[in-house]
Amino acid sequence: MAETTSNADSVDVDLRVAIDRSLRHPVMFFFLSGAVWLALSVVLGLIASAKKHAPDFLSGFSFLDAGKVDAAHMSTLTYGWGAQAAFGMLIWLMARLSRKECTASGIILVAGHIWNAAVAYGVLCIMGSGSLGPWFESSGIAGMEFPGGVWVVLLVSFIMISIWSLVQFQVRDAGHVYVSQWYLLAAMLWLPWIMATAWLFVFVFDGSPLMATGIASWFKGTVFALFFLPVALASAYYLAPKVTGRPVCSYNIALFGFWSLAVIGPWVGMQKLAGAPIPQFLPAAGAAAMVMILIPALSVGVNILRTVQGHGKVVALSPSMRFTAFGIVLFVVYGVLSFGLNNNIGLKVSQFSYAGYGMDILGLHGVFSLCAFGAIYFIVPRITRREWLSRRFIRWHFFLSLYGLASIVICAVVGGFFQGQGTEDLTQPFLTGARRAAAYGWGITLAWCFLLLANLFFCLHLLLMAARLGRRSSHPTLLDKHHVESPHGPEGEVDNYGSAIV
Amino acid sequence: MDHARDNPLKRFAAFWIAALLIASFAIACVIVRPMTHGDVNTVYDMKAEARLALVSEARATQEAALDTAALEKAITEPSDNLHKQVPTPGSKPLVAPAPAETPKGEEKPDPAE
Amino acid sequence: MTFKSFIFGLLASFGLPWLAVVVFPFSKMRTLEPVKFEEGDRKGQAYSPMRDGRVNEGSKIYGQEGCYHCHTQLIRPTYAGPDVHRDEWAGLRLSADNPDTRRETVPTDYDGEDVAHIGLSRVGPDLSNLGRRLDHYLKGRDPTPETWLYLHLYSPRTNPGYVENDQEIHSHSTCPSKSGLFRQVPAILAGGQALPLYNVKGVAVVPTDRARALVSYLASLKKDTLGAPLPKAYNLNPIAPTKE
Numbered sequence: 001m002a003e004t005t006s007n008a009d010s011v012d013v014d015l016r017v018a019i020d021r022s023l024r025h026p027v028m029f030f031f032l033s034g035a036v037w038l039a040l041s042v043v044l045g046l047i048a049s050a051k052k053h054a055p056d057f058l059s060g061f062s063f064l065d066a067g068k069v070d071a072a073h074m075s076t077l078t079y080g081w082g083a084q085a086a087f088g089m090l091i092w093l094m095a096r097l098s099r100k101e102c103t104a105s106g107i108i109l110v111a112g113h114i115w116n117a118a119v120a121y122g123v124l125c126i127m128g129s130g131s132l133g134p135w136f137e138s139s140g141i142a143g144m145e146f147p148g149g150v151w152v153v154l155l156v157s158f159i160m161i162s163i164w165s166l167v168q169f170q171v172r173d174a175g176h177v178y179v180s181q182w183y184l185l186a187a188m189l190w191l192p193w194i195m196a197t198a199w200l201f202v203f204v205f206d207g208s209p210l211m212a213t214g215i216a217s218w219f220k221g222t223v224f225a226l227f228f229l230p231v232a233l234a235s236a237y238y239l240a241p242k243v244t245g246r247p248v249c250s251y252n253i254a255l256f257g258f259w260s261l262a263v264i265g266p267w268v269g270m271q272k273l274a275g276a277p278i279p280q281f282l283p284a285a286g287a288a289a290m291v292m293i294l295i296p297a298l299s300v301g302v303n304i305l306r307t308v309q310g311h312g313k314v315v316a317l318s319p320s321m322r323f324t325a326f327g328i329v330l331f332v333v334y335g336v337l338s339f340g341l342n343n344n345i346g347l348k349v350s351q352f353s354y355a356g357y358g359m360d361i362l363g364l365h366g367v368f369s370l371c372a373f374g375a376i377y378f379i380v381p382r383i384t385r386r387e388w389l390s391r392r393f394i395r396w397h398f399f400l401s402l403y404g405l406a407s408i409v410i411c412a413v414v415g416g417f418f419q420g421q422g423t424e425d426l427t428q429p430f431l432t433g434a435r436r437a438a439a440y441g442w443g444i445t446l447a448w449c450f451l452l453l454a455n456l457f458f459c460l461h462l463l464l465m466a467a468r469l470g471r472r473s474s475h476p477t478l479l480d481k482h483h484v485e486s487p488h489g490p491e492g493e494v495d496n497y498g499s500a501i502v
Numbered sequence: 001m002d003h004a005r006d007n008p009l010k011r012f013a014a015f016w017i018a019a020l021l022i023a024s025f026a027i028a029c030v031i032v033r034p035m036t037h038g039d040v041n042t043v044y045d046m047k048a049e050a051r052l053a054l055v056s057e058a059r060a061t062q063e064a065a066l067d068t069a070a071l072e073k074a075i076t077e078p079s080d081n082l083h084k085q086v087p088t089p090g091s092k093p094l095v096a097p098a099p100a101e102t103p104k105g106e107e108k109p110d111p112a113e
Numbered sequence: 001m002t003f004k005s006f007i008f009g010l011l012a013s014f015g016l017p018w019l020a021v022v023v024f025p026f027s028k029m030r031t032l033e034p035v036k037f038e039e040g041d042r043k044g045q046a047y048s049p050m051r052d053g054r055v056n057e058g059s060k061i062y063g064q065e066g067c068y069h070c071h072t073q074l075i076r077p078t079y080a081g082p083d084v085h086r087d088e089w090a091g092l093r094l095s096a097d098n099p100d101t102r103r104e105t106v107p108t109d110y111d112g113e114d115v116a117h118i119g120l121s122r123v124g125p126d127l128s129n130l131g132r133r134l135d136h137y138l139k140g141r142d143p144t145p146e147t148w149l150y151l152h153l154y155s156p157r158t159n160p161g162y163v164e165n166d167q168e169i170h171s172h173s174t175c176p177s178k179s180g181l182f183r184q185v186p187a188i189l190a191g192g193q194a195l196p197l198y199n200v201k202g203v204a205v206v207p208t209d210r211a212r213a214l215v216s217y218l219a220s221l222k223k224d225t226l227g228a229p230l231p232k233a234y235n236l237n238p239i240a241p242t243k244e
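Chains as they are written, first to last, in the working numbering: chain A, 1 to 502; chain B, 1 to 113; chain C, 1 to 244.
Isolated chain A, as found in the complex (with noise of 0.2 Å):
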C-alpha cells in the first residue's frame, strides 16, 4: 500500500525507511541468489522427473545420473532457493516487527557468501561423486546427501544470519507482540537445535545404521515443519493484516495454531520408515504428528482467510495477497493429503511411491514457495525503493506456478497413491505399478515445465528490479487488469517519500 507522509507519522515512516535500507544488501542477495539456486533447481527437477520416464535422456552426462540428480535437485531447492528466501524474510520482518535497524548487515552478507559457497560445494559432491575424485563424495544418506563438514558451515553461517534477529526482538520497544515474531522467534532457535541433533547424531556419533537413516528422516520432515512453515506463517500474519488493513481475526486461535505446530512439528520425519526394524513407537508417531498437520493448518488456514474475508478485490489486486492467499491455502490441501497419506491404510499404500516426493514440493514450492513469493513481492519495492515493472510477468507467474503445482498436487500425489496401489496388489504384477508410474512421471514433468516457465519471469523480473529498472512511482504494481493506463498511476508522479533519503 501506498504510504503517503501526509498521513502516516513521519517519524514511523522514516523508521520503517531507515530499517529497509540498513537491510537492503542482505535481503536483495538472498531474493537474488535464491532466485538464481529456484531456476537451477527447477530445472534439476525437470531432469530427474524425465529420467524416470525416458531414462535415456541427457545420459551421456554421468553427473546428471537419475540418483545423483535428485538429491541435487532436492537439495537446492531447499538448502539454495528454500532457505535463502527463508533468511531474507526472517531478517526484513523481524527488523520491521521489532521495528530496529539492522546493524549487522555486513556480517550478514558474508554469512550469506559462505552459504552459497557451502551449498555449491555440497551440490558439486552429490553430482560429482566419483568423478571429482575424493575431495567431492556425497555421504549418500537420504534427506542430508551434503558431506558431513557441509553441515557445520551451514550451521554455523544460519547463526550469522539469524542471531541479530534475536537481539532485535528481545530489545524492542515494549508493547504489543505480533503472531509473526513468535512464529520467527521459533523458526531461529529450531533450525539450529535440529541442524546440530541430526549433523551430530548422524555423522559423529556411532550408532545403528537404522538410526542414522531414521534420523535423516526425522531431520528432512521437521527442517520443512520447524522452518520453513513457521518463516510462511510469518510471512502470512505480517502481509494479510497489512494489506487488507485489518487486524489478524484472532489472536489466540493464531496462538492455538503456533503452539499446536511446536507440540507435533517435532515428531515428523520418521513414518518414512514405516515397517522398519526399529521400534515400532516411532513411524507410528511420525504417522500421527503428519496426520494431525491438519490441526494448524486449519487453525492458520481459518484465521488467515477469515482475515481477509470480504476483501477478496484486495487479494485479487495486491500480488503479495495473491501469493500468501494461495500459500495458505495449499497448507490446508497439505494438512487435508497429509492426513490421507499417512493414516494406517493409506501409509502401506503411499509409503514407496511417487506420493512422498509430491508432499515435499507441495510443502516446500507450494506452500512456503506461494508464501516467500508474496513476501518477496511486498519486500523487494520497500528496500529498493522502485515499484515492479511489469503486471504481466507477475501474472504469468502467479498462474504457470498454480497449474504447475496443480499438476504436482495430481500426478504425484494422487498418481503416486494409485501408483503404490499397483505395486502393494499382489495380483498384478510389480509391472503394472511401473507402468502407472511412468505414465504419471509425464505429468510431473509436464508440470515442472510449466514451474520453469514460472520461475524465468519471475527471476527476470527480479534480476530487473536488483538493477534498480524498476519504476520510480508510490503507486504500487497491482494485478489490475482493466485500468487501461499504466499500473504506476498518471505518467510524472514520482515517489514523494522524502528528500533526505537517496
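These are calculated hints, taken from the structure and not from any lab test. Glycine included, every Cβ here is placed at the ideal spot set by N, Cα and C. A few of these clues could be false.
Restricting the straight-line Cα-Cα distance to at most 27 Å, the calculated cross-link-like pairs of lysine-lysine (DSS-like) are [claimed, not checked]:
id: 1; chain 1: C; residue 1: Lys28; chain 2: B; residue 2: Lys47
id: 2; chain 1: A; residue 1: Lys242; chain 2: A; residue 2: Lys481
id: 3; chain 1: B; residue 1: Lys84; chain 2: B; residue 2: Lys73
id: 4; chain 1: B; residue 1: Lys47; chain 2: C; residue 2: Lys36
id: 5; chain 1: A; residue 1: Lys481; chain 2: A; residue 2: Lys313
id: 6; chain 1: B; residue 1: Lys47; chain 2: C; residue 2: Lys43
id: 7; chain 1: C; residue 1: Lys4; chain 2: B; residue 2: Lys10
To spell it out: a stretch of chain A is covered by chain B in this simulated footprint if at least three of its residues, at any positions, have a beta carbon under 8 Å from a beta carbon of chain B; those stretches are [to be verified]:
id: 8; segment: 161-174
id: 9; segment: 192-201
Now the in silico label distances, taken between C-beta atoms and shown as ranges [said to hold, decoys possible]:
id: 10; chain 1: C; residue 1: Met50; chain 2: A; residue 2: Gln428; range: 29 to 39 Å
id: 11; chain 1: C; residue 1: Phe24; chain 2: A; residue 2: His475; range: 54 to 64 Å
id: 12; chain 1: B; residue 1: Leu52; chain 2: A; residue 2: Gln428; range: 52 to 62 Å
id: 13; chain 1: A; residue 1: Ala406; chain 2: C; residue 2: Leu94; range: 46 to 56 Å
id: 14; chain 1: A; residue 1: Ile410; chain 2: B; residue 2: Asn7; range: 54 to 64 Å
id: 15; chain 1: B; residue 1: Lys47; chain 2: C; residue 2: Asn235; range: 12 to 22 Å
id: 16; chain 1: B; residue 1: Lys47; chain 2: A; residue 2: Val156; range: 35 to 45 Å
Using the hints provided, position chains B and C relative to the given structure of chain A.
Chains B and C in isolation, oriented as in the chain A frame:
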C-alpha cells in the same frame, strides 16, 4: 528508541542469551554423548564366548589325554637300549624292538615301502 | 505470553520428542542384545549372519549413486505392507531345490553399513534379496551374478533378464545407465575384466573400482533364511508350506 530497553549492555546480554539458546540442544547432545558413544561389540563378545569355551574344552581334553609318564617311558627306553647296543663295524644291522600295542587295535595297512 | 514462558514452552515441546525420537532410540538401537537361538543345533549361539563382499564400501557407493531414490531394501512385516508375498523380494519360494526362505527384514540385516538404505520409492523392485535371486536363477548359466550386474549397470535395457523369458520386463526398465562407472580401454589391455558386450572393434568396457565395489555389495544382498535360519524370537512368519 527506548534507551531503558535498548542500549549496548542490553544488546550484549541479548546476544549471549540468544547464543546460549541456539546452542542449548548442541550442548544437550554433548551431555548425552556417553549414551551414544563407546565400543559396542555384543555379537563379537557372544561369539567369542562360544569360541573360547570350545577352545578351553579342547585344551582340557588334550591335557587329560596326555599321559606324561608313558610318554617319558616311550622316549627314554628305546634311547637307553640304543645306547647299550652300540654297533661294531662289520656286524649285522640292529633290529628295533616291536612297538607297543595301540589301544585301538584296528590295524592300519602298512604304507607301501 | 512472555519471552520466558515462550522459551520454556519451546524447550519442553521440542525437548520431549528430541529425547523420545532421537536420543533414546539411538542409544537403545546401538546396544541391541543379539538374539540367541533357543533350540536346534545352534542353541545358545547368537544370530549373526555373515555377509560376503565389500559391504561397507559398496553401501557408500550405492548411496552416492542415489540408488535409494528408486529402490528399497525393506521387507515390511505384514501389518505394514505385503512385501513378503511380492515376487521373490523376501527370499526364494518353495521349490524342488530349496525350502521357502522368505522372511521380513531384521535389524542385523544392515550390519556393516554406515546407513541403512531403506529407500524412498519403488520405481524399481526391492533389492533386499537381489544377490539371492541372481545366485538362484543364474546357477549353472553363463553370466555370473557379478557379470550380470555389471551389464545391468552399464546398459539396463539391453541386459537379458535372469529369469528365463523376462527380457520384456528388463527392456522397460527405467534404471539409468551408469556408464560413468566403467571405462573404455583397448581390448588387449582389458585382461579378463572386459564385459561381454558388442562394442567398437578393439575397444573393451571394463568396470572401475567403484563399479566393482558396488557390484560386490549388490551381489551380497541376501537377506533370507537360506543357510541362516532365524531364531524363534525374530521369526514372525507363519509355518512355511511344505507342499508347493
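Checked hints:
1. For the hint linking Lys28(C) to Lys47(B), the alpha-carbon distance of about 21 Å falls within 27 Å, and the restraint holds.
2. For a cut-off of 27 Å, the pair hint linking Lys242(A) to Lys481(A) stands: about 23 Å separates their Cα positions.
3. Annotation: proposed proximity of Lys84(B) to Lys73(B) holds, straight-line Cα distance about 16 Å (limit 27 Å).
4. About 11 Å separates the Cα atoms of Lys47(B) and Lys36(C), which keeps this hinted pair within 27 Å; it holds.
5. As the CA atoms of Lys481(A) and Lys313(A) are separated by approximately 12 Å, the hinted pair is consistent with the 27 Å bound.
6. Taken as a hint, the Lys47(B) and Lys43(C) pair is honoured in the structure, with Cα atoms around 12 Å apart against an allowance of 27 Å.
7. Only pairs whose Cα atoms come within 27 Å are accepted, and Lys4(C) paired with Lys10(B) is accepted, the gap being roughly 16 Å.
8. Coverage of a stretch by a chain is defined here by at least three residues with a beta carbon nearer than 8 Å to that chain's beta carbons; for the segment 161-174 of chain A and chain B the count is 8, and the condition holds.
9. Here's how the segment 192-201 of chain A fares: 6 of its residues keep a CB closer than 8 Å to some CB of chain B, so the rule of at least three is met and the hint holds.
10. At roughly 36 Å, the beta carbons of Met50(C) and Gln428(A) sit within the given window of 29 to 39 Å.
11. Taken as a hint, the range 54 to 64 Å holds for the pair Phe24(C) and His475(A), whose Cβ atoms sit roughly 59 Å apart.
12. Distance hint check: the CB atoms of Leu52(B) and Gln428(A) are about 53 Å apart, consistent with the given range 52 to 62 Å.
13. Range check, Ala406(A) to Leu94(C): about 48 Å between beta-carbon atoms, so the 46 to 56 Å window is met.
14. Judged by the Cβ atoms, the range 54 to 64 Å given for Ile410(A) and Asn7(B) holds: they are separated by roughly 56 Å.
15. Look at Lys47(B) against Asn235(C): about 21 Å separates their beta carbons, and that is inside 12 to 22 Å.
16. For Lys47(B) and Val156(A), the Cβ-Cβ distance of about 44 Å falls inside the hinted range of 35 to 45 Å, so the restraint holds.
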